[in-house]
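Going down the list, the sequences are from chains U and E.
So in this note's numbering, spot 288 of the first sequence is number 727, and the numbers just go up one at a time.
So in this note's numbering, spot 100 of the second sequence is number 267, and the numbers just go up one at a time.
No false leads were mixed into what you were given.
Derived coverage of chain E by chain U (criterion: at least 3 residues anywhere in the stretch with Cβ under 8 Å from a Cβ of chain U; other residues may be distant):
1) 354-361
2) 367-373
3) 383-392
4) 413-425
5) 464-477
Honestly, the hints are just simulated from the structure, not real lab data.
Built from N, CA and C at the ideal position, the CB exists for glycine as well.
What follows is the residue order along each chain.
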Amino acid sequence: MSKYGAPDQERQLGLAAYLEGLEKWLASSPPSLAAAAAPLASFAARVEVMSALMKALHEEGWGRHGWPEALGGLGGTILHRAALWDTLARHGVRGMGLFEHVEILMPTLCALAPREFMIQALPAFLSGRELWCQGFSEPEAGSDLASLRTRASAVPGGYAIRGRKIWTSWATYARWCLLLARTGTPEARHRGVTALIVDLRSPGVSVSAIEQANGTDELAEVVFDDVFVPEDHVVGALDGGWDVAMHILSSERGTFAWFRHGFLYQQLFASLRHAEPHGDGAVGSALLDLAAVSATGYQGLLSHAAATPLGPRAAFTKLLLCEAERSVHDCILAGDADLAAGVQDEETALLRQEYLFSRIVTVYGGSQQMQLETIAKQLLRLP
Amino acid sequence: MSSEAEQAFLASAREALRRDPGIGAFAALGVWDLLDELADREARAATFAVFRAHGRELGRSAALGCLLAHPYSSALGFAPGSVALAIPRASVRRGDRLVLLGEPSLEHVLVDSPGVGASIVALEDVALQPVAIAGRLPVHEIAFAAEHAKPILPEERAKEARRRSRFLGRVAAAHEIVGAAEGALDLALAHAAARVQFGKPIGSFQAVRHLLAWARTDCAAALEVSRQAAALDLDAPSRFDEIAKALAGRNGRRICERSLQVLGGIGFTAEQDHHHFHSRVLALDSLLGTSAELTRGLGAWLRESRTDPRIPMRILHHGVGA
Chain U
440 MSKYGAPDQE RQLGLAAYLE GLEKWLASSP PSLAAAAAPL ASFAARVEVM SALMKALHEE
500 GWGRHGWPEA LGGLGGTILH RAALWDTLAR HGVRGMGLFE HVEILMPTLC ALAPREFMIQ
560 ALPAFLSGRE LWCQGFSEPE AGSDLASLRT RASAVPGGYA IRGRKIWTSW ATYARWCLLL
620 ARTGTPEARH RGVTALIVDL RSPGVSVSAI EQANGTDELA EVVFDDVFVP EDHVVGALDG
680 GWDVAMHILS SERGTFAWFR HGFLYQQLFA SLRHAEPHGD GAVGSALLDL AAVSATGYQG
740 LLSHAAATPL GPRAAFTKLL LCEAERSVHD CILAGDADLA AGVQDEETAL LRQEYLFSRI
800 VTVYGGSQQM QLETIAKQLL RLP
Chain E
168 MSSEAEQAFL ASAREALRRD PGIGAFAALG VWDLLDELAD REARAATFAV FRAHGRELGR
228 SAALGCLLAH PYSSALGFAP GSVALAIPRA SVRRGDRLVL LGEPSLEHVL VDSPGVGASI
288 VALEDVALQP VAIAGRLPVH EIAFAAEHAK PILPEERAKE ARRRSRFLGR VAAAHEIVGA
348 AEGALDLALA HAAARVQFGK PIGSFQAVRH LLAWARTDCA AALEVSRQAA ALDLDAPSRF
408 DEIAKALAGR NGRRICERSL QVLGGIGFTA EQDHHHFHSR VLALDSLLGT SAELTRGLGA
468 WLRESRTDPR IPMRILHHGV GA
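Can you build the whole structure from these sequences, using the hints too?
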């Protein structure tokens, strides 16, 4: 054990010992923790401090728990990762930022991507060196993802990609893109789609940031103009990309909510600074919304840890998370009209960004209406 | 209990309550034996599942009051199911009232007065004033002459029992609210599949589908939080019983309202069963802290105390191989 009770390089800790050791390390005030707890309005600055925190967590071993030993992790399950992010939230870290994709993409990639690739890619992401994005949506394929048109054509040794992706979170900062492209006919819909890993440094890739209404530029449009992807960068089976996408969406909708909600608790606590008694009902109601995410989200974690798929029930957690995002930010706004008035000091600017983002969370990862349809069709079996 | 075992137990509890919607079903299901084993997680899950079934089947028993009485009476040799706690409620019109839920087929009523202690009154000495039959659940307000109340626990010991009683009662009421709301939703689902308008079942219209999907989501949320409260029990953080009860009350009402909207006019008639489920949700929400009171109270508590209401990770992970 290192001086803070950090795990030996090859030793996996049980959950209780992991939590205890992690707390000890955080109590030693690592500089990367303080930096990640500061309110930073600049998205690029947030990427920098979070990358530094990921690096420190990886070096100390805390960031390697919950990931497969065969891919450079220290073993354990998603419960280790849940413990990590929950603890970081309690210590003031403001959010996962673009490391949300650690939880959205990596569980699927660890299960389905070529092992030789992941041995390099997982530690590179976990240590904050090489970041990822997810190339799903297209200008003409939003909720109707199966109509996507970006094409992967077979060429010697791999595929040539032509097409355009949009609303690609963090593409500006990413080295790798997990891309869904058409390998079959358009009529084959979801059966003719393949998932591929694209190096965004390849010739033919152009990434342009989209300036958002809340002032950040985490979204981007990515154009692929005959971009070569080697054949060993296919994830899952050829024409089996839909299964990969569903695997990922089950994380984005199900387990991810649990990782996110710890930060929402912190934001609700922060809102209490300006709270007045007339807002007690709204604060209590936000607390109920968070309890709902916590309970359903934890069931999602347990299902994931037991390798039993959550399936359409992930839609519950996704809807509940969106409700909590909104009610927590309603409380923040109710106590602090500075963010609505447009005050631009660092902290207020960040609160404003976050508040505005909470109004759009019902769109990403499958819109609220798509989640409701999933429940209506697959769980309620409505006609 | 695995989720299959839990489903099977719930189905048999519903079956037992269909045969006997009164207190007999609780004895038949072995609930009174389970009350002595509440330290066991599975015994708790089974006990509370019977309350969910009681809501779903519109049971008429005084079981909630019996559960509330258990922490007071168990040490004193009263047989479980023979005594029920009268639940205090503040009426804006008539001041403090004592409410007895379910068919009063009991021997004794337990009355707890904070600051004084708990006492017991024989049912024959109690004046029962029927106030309603909310969702087929008889509701009585009670009165009795002071000399008939026999003190059984001094305040010091009643205090402990009171805390435990409220926790168990709120978690059980939350389960029962979920069960009743599930009953309302089932009626609306059946209606959405059968009712044809514009040449199609109304369940094929997104406006209707989304109402029902929200109701199902609210069910999942209330059920999971209630089950979590039952699972954590003594390990639950402060006020977790209030969170579970407030959420069940709030969501239960929303589920009933959305279900009613799907049913349309027929749902607002006496012949349709919707109102039984709906009024049971309302009646249970009115006791042991309404969702409005509890929600406001939770907000005030956070604002004033800054207490962290979350379940610590080490407790969440306890029991899953931590």
